[in-house]
Amino acid sequence: MEETKPTSTADKISTYLVTIIMIVLALSIVALLWSVMAFSAGQVEYAGFLLIVGFMAMALSVYMLFQSRRRVSNLKIDTPKTMTTVECKKCGIKTVREFQRGDYVYKELEKCQKCDDKMLVTAIYREVKEKEKVYNV
Amino acid sequence: MAFLATGGDIISQIIYAASMMLFVVFMFYGQRIQMYVMIREVEASLYKLKFIKEEGRKIAIETLKEIGKPTVDPSARVDRFLEYFTISPQSMDPAGIVYKLDHILDVRDTRLKDEVKLMAPASDEIQVNNLENTLEAAMALTYIYKVVRHYYIQGKKTLSLYTIMQLQMILPLVMKEAEAYASALKAFAYGQPIGDGAGPLVAAKLMYGYENRKVPKDCVVATVPIEGRTALIIKAEGPGGNVGKPGDAVQTVIEENEGKIANVIMIDAGLKLEGEIVGEISDGIGAAIGGPGVDQYKIEESIAKYQIPINAVIVKEDIGDAVSPMRKEISDSIDKVIERVKNVILERTKEGDKIIIVGVGNTIGIGQ
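From first to last, the protein sequence lines stand for chains G and L. Counting along the first sequence from 1, when you hit position 95 you're at 95 in my numbering, and nothing is skipped either side. Counting along the second sequence from 1, when you hit position 24 you're at 24 in my numbering, and nothing is skipped either side.
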C-alpha cells in the first residue's frame, strides 16, 4: 500500500512567508558583504558585528524555509505495512506475507503443500518500526 | 562607505533605540503577539485536519465505488452521510433512558446500514459493515475538523486570547485522535483487524473449531470445554466491521441457562496510560466494555439479578492503536490473555461450572 500524497492545496507555502524569508536572506548577504568591506577598511570591530548579524539572519531565514517545507511534507497519511501469518495446523508450516484484501483471521485458504490440511490465517498485524521513547520514571 | 567611518557610535544608538522600541512594543502588544503565534499554530493544525478530512472522504468514495459498484456517483450521498447527527434522549427524567438510548442507537444503525446498501448495491453483508465503519471514521474526521474550525474562527473574530489558548492547549490530543481515525480509514476499507479487536480475537481463538450459533444482536456463541468447565464464548459476528450488542447476548445466554452461571469473564482493549507498554495485560473486576453504556448497563443488570460474579481482563493500548491496524504486540499478547483467563477460571470457579467469556470490541478482520 502506498502513502497518500499531499493535495495541491496542501502543497502551497504562504507567498507572504516566502517573501519575508527572501528579504531577510538578501539583507543577510548584504550584511556579510559589508562586513568584508569594513574588514578591508580596517574596522575590525564593526566587521565582526556585521558578520554576526549577517550569519544570524541567514541561519534564521534558512531555518524558517526548512521549517515551512517540513510542515508541508508532514501532510500525508501513513499507511503502515500490514502482514498476514498463514499456518498449517497439522504440519506446523508457517509463512508470513503481505496482507491481501479479503484476508481475515481464521480464514481457511488453499491446501498445504506438505499435507492435505487447509492453511489458515492465524494473525494479521502491523509492525511498528520506531521505538517509543522510554522515560525512566 | 562614508558612514562606516563613524560606525561604532551609530550602531550603539541603533541598538539602544531598537531595544527601547522592542520593550514598548512588548509592553503594549505582548499578549496580542502571543495570540497571533497561537493562531498560526492552530491554523497549521487546521490545514492538516482539512487535508485528513478530505483524504477520508476521498478514501470512502473510492472504496464505495470499488466494492459497491454503484450506478450513479455516490459523492453527493457520501457528503450527506458525513453530516448525519444523532440526538441523544432527554435526560431531565432519567428513568428508562437506557432503553430510549438503545432504541435511538438501533434506529441509527439501521439507517446508516440502509444508506450504505443504497450507495454500494453490489456489496455483501461483511462489506456493508466494513463500508459503514469506513464512513463512520470519515464522519468523525469531518466533525473534528468542523469543531476546531468553529473555535478557530470564533477566536479570530473576537480576538479572544482565552478561546484560542484553550484550543491550542487541547490541539495535540485532538490531532492524535484525528490521526488515529485517519489510519483507521484504510484498515476499515481493507477489512484489517484493528487494536480494538483484541477481545474478539481471544474469543475467536478459544472458539475456533467448535460449532457456533447466532445470538441477538449480531453476536455468536460457542460452547467450549476449558479446564473441566463449560465455557460459553461470545463475540461479535465477524469478519465484517461489527461490535454487536454484547449486552443483549450476555442477557440472552444467562436467561437460557436460568442464571446458573458461575462467572462472567470479559476481555476488552483498555486505554493505557502514558508510560505503560502496548499489549500489557491487566485483570480486575467489572464489566469491561466501552461505548455509550447501554451494553454495560444490561450486563450489570443481568449479573445483579442472578448474583453472578464478573471479572475482566484488558489488553492495554492507546486510542491510536485501538482504531488503527492491530499492532504485533497486541496480536502477540493474545496467548498471554488466554493464560490469564484460564488462571481466573481455575481460581474463581469449580470443575463442572458453567462460565461466560465475552470478547468485546470490533471484530473487523476476525472470523470465528
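Bear in mind the hints are in silico, worked out from the structure with no lab data behind them. Check the hints yourself; a few may be wrong.
Stated by the list, open to error - Each computed DSS-like pair below joins lysine-lysine, with the alpha-carbon atoms no more than 27 angstroms apart: (1) L/K50 to G/K76; (2) L/K50 to G/K107; (3) L/K113 to G/K107; (4) G/K89 to L/K342; (5) G/K107 to L/K272; (6) G/K107 to L/K100; (7) G/K107 to L/K342; (8) L/K205 to L/K272; (9) L/K69 to G/K94; (10) G/K133 to L/K336; (11) G/K81 to L/K58; (12) L/K336 to G/K89; (13) L/K146 to G/K111; (14) G/K133 to L/K328; (15) L/K50 to G/K90; (16) L/K176 to G/K111; (17) L/K146 to G/K107; (18) L/K176 to G/K107; (19) G/K81 to L/K146; (20) L/K214 to G/K81; (21) L/K50 to G/K89; (22) L/K217 to G/K81; (23) L/K50 to G/K81; (24) L/K205 to G/K114; (25) L/K342 to G/K81; (26) L/K328 to G/K90; (27) L/K214 to G/K76; (28) L/K65 to G/K94; (29) G/K107 to L/K205; (30) L/K342 to G/K76; (31) L/K217 to G/K76; (32) L/K272 to G/K129; (33) L/K65 to G/K133; (34) G/K90 to L/K176; (35) L/K217 to G/K90.
Said to hold, decoys possible - One-sided excerpt, in silico: chain L residues whose CB lies under 8 angstroms from chain G: (36) F28; (37) G30; (38) Q31; (39) I52; (40) S91.
Backbone N, C-alpha and C define an ideal beta-carbon position, used for all residues, glycine too.
Hints and how they fare:
1. For a cut-off of 27 angstroms, the pair hint linking L/K50 to G/K76 stands: about 11 angstroms separates their Cα positions.
2. Taken as a hint, the L/K50 and G/K107 pair is broken in the structure, with Cα atoms around 37 angstroms apart against an allowance of 27 angstroms.
3. A C-alpha spacing of about 25 angstroms is found between L/K113 and G/K107, which places the hinted pair at or below 27 angstroms, so the restraint holds.
4. Annotation: proposed proximity of G/K89 to L/K342 holds, straight-line Cα distance about 22 angstroms (limit 27 angstroms).
5. Annotation: proposed proximity of G/K107 to L/K272 is violated, straight-line Cα distance about 30 angstroms (limit 27 angstroms).
6. A hinted pair counts as satisfied when its Cα atoms are at most 27 angstroms apart, and G/K107 with L/K100 does not qualify at roughly 38 angstroms.
7. With a C-alpha separation of about 25 angstroms, the suggested pairing of G/K107 with L/K342 holds against the 27 angstroms cut-off.
8. Annotation: proposed proximity of L/K205 to L/K272 holds, straight-line Cα distance about 24 angstroms (limit 27 angstroms).
9. Between L/K69 and G/K94 the alpha-carbon distance is near 36 angstroms, which puts this suggested pair outside the 27 angstroms criterion.
10. Among the hinted pairs, G/K133 with L/K336 is consistent with the structure: their alpha-carbon atoms are about 25 angstroms apart, no more than 27 angstroms.
11. Under the criterion of a C-alpha separation no larger than 27 angstroms, the hint pairing G/K81 with L/K58 is consistent with the structure, at around 20 angstroms.
12. For the hint pairing L/K336 with G/K89, the CA-to-CA distance comes to about 20 angstroms; that is within 27 angstroms, so the pair holds.
13. In summary, the hint linking L/K146 to G/K111 is not supported, as the alpha carbons are separated by about 51 angstroms, beyond the 27 angstroms threshold.
14. In summary, the hint linking G/K133 to L/K328 is supported, as the alpha carbons are separated by about 18 angstroms, within the 27 angstroms threshold.
15. The straight-line distance between the Cα atoms of L/K50 and G/K90 is roughly 51 angstroms, outside the 27 angstroms bound, and the hint therefore fails.
16. For a cut-off of 27 angstroms, the pair hint linking L/K176 to G/K111 is broken: about 43 angstroms separates their Cα positions.
17. For the proposed pair L/K146 and G/K107, the alpha carbon gap of about 40 angstroms is over 27 angstroms, so the pair is violated.
18. Our distance criterion of 27 angstroms between C-alpha atoms is broken by L/K176 and G/K107, whose separation comes to about 33 angstroms.
19. About 31 angstroms separates the Cα atoms of G/K81 and L/K146, which puts this hinted pair outside 27 angstroms; it is violated.
20. Our distance criterion of 27 angstroms between C-alpha atoms is broken by L/K214 and G/K81, whose separation comes to about 34 angstroms.
21. Restraint check: the Cα-Cα separation between L/K50 and G/K89 comes to about 47 angstroms, which exceeds 27 angstroms; the hinted pair is violated.
22. Proximity of L/K217 to G/K81 is assessed by CA-CA distance (about 33 angstroms); at most 27 angstroms being required, the pair is judged violated.
23. Using a Cα cut-off of 27 angstroms, the hinted pair L/K50 and G/K81 holds, with the two alpha carbons roughly 25 angstroms apart.
24. A hinted pair counts as satisfied when its Cα atoms are at most 27 angstroms apart, and L/K205 with G/K114 qualifies at roughly 24 angstroms.
25. For the hint pairing L/K342 with G/K81, the CA-to-CA distance comes to about 33 angstroms; that exceeds 27 angstroms, so the pair is violated.
26. Annotation: proposed proximity of L/K328 to G/K90 holds, straight-line Cα distance about 24 angstroms (limit 27 angstroms).
27. Annotation: proposed proximity of L/K214 to G/K76 is violated, straight-line Cα distance about 41 angstroms (limit 27 angstroms).
28. At roughly 35 angstroms between alpha-carbon atoms, L/K65 and G/K94 are farther apart than 27 angstroms, so this suggested pair is violated.
29. Between G/K107 and L/K205, the direct Cα distance comes to roughly 12 angstroms. Compliance with the 27 angstroms bound is thereby established for this hinted pair.
30. With a C-alpha separation of about 44 angstroms, the suggested pairing of L/K342 with G/K76 is violated against the 27 angstroms cut-off.
31. Only pairs whose Cα atoms come within 27 angstroms are accepted, and L/K217 paired with G/K76 is rejected, the gap being roughly 38 angstroms.
32. Between L/K272 and G/K129 the alpha-carbon distance is near 20 angstroms, which keeps this suggested pair within the 27 angstroms criterion.
33. Taken as a hint, the L/K65 and G/K133 pair is broken in the structure, with Cα atoms around 41 angstroms apart against an allowance of 27 angstroms.
34. The hinted pair formed by G/K90 and L/K176 fails the criterion: a straight-line CA distance of about 43 angstroms is larger than 27 angstroms.
35. Straight-line distance between C-alpha atoms of L/K217 and G/K90 comes to about 35 angstroms, which puts the hinted pair past the 27 angstroms bound.
36. Here the hint on L/F28 is broken, as its CB sits about 23 angstroms from the closest CB of chain G, past 8 angstroms.
37. Using the Cβ-Cβ criterion of 8 angstroms, the hint placing L/G30 at the interface with chain G is not satisfied: the shortest such distance is roughly 21 angstroms.
38. Evaluation of the L/Q31 hint against chain G yields a violated restraint, the C-beta minimum of about 23 angstroms exceeding 8 angstroms.
39. Against a cut-off of 8 angstroms between C-beta atoms, the interface hint on L/I52 holds, since the closest Cβ of chain G lies about 7 angstroms away.
40. With a least beta-carbon distance of about 37 angstroms to chain G, the hint placing L/S91 at the interface is violated under the 8 angstroms criterion.
Hint compliance for this structure: hints 2, 5, 6, 9, 13, 15, 16, 17, 18, 19, 20, 21, 22, 25, 27, 28, 30, 31, 33, 34, 35, 36, 37, 38, 40 are broken, all remaining hints hold.
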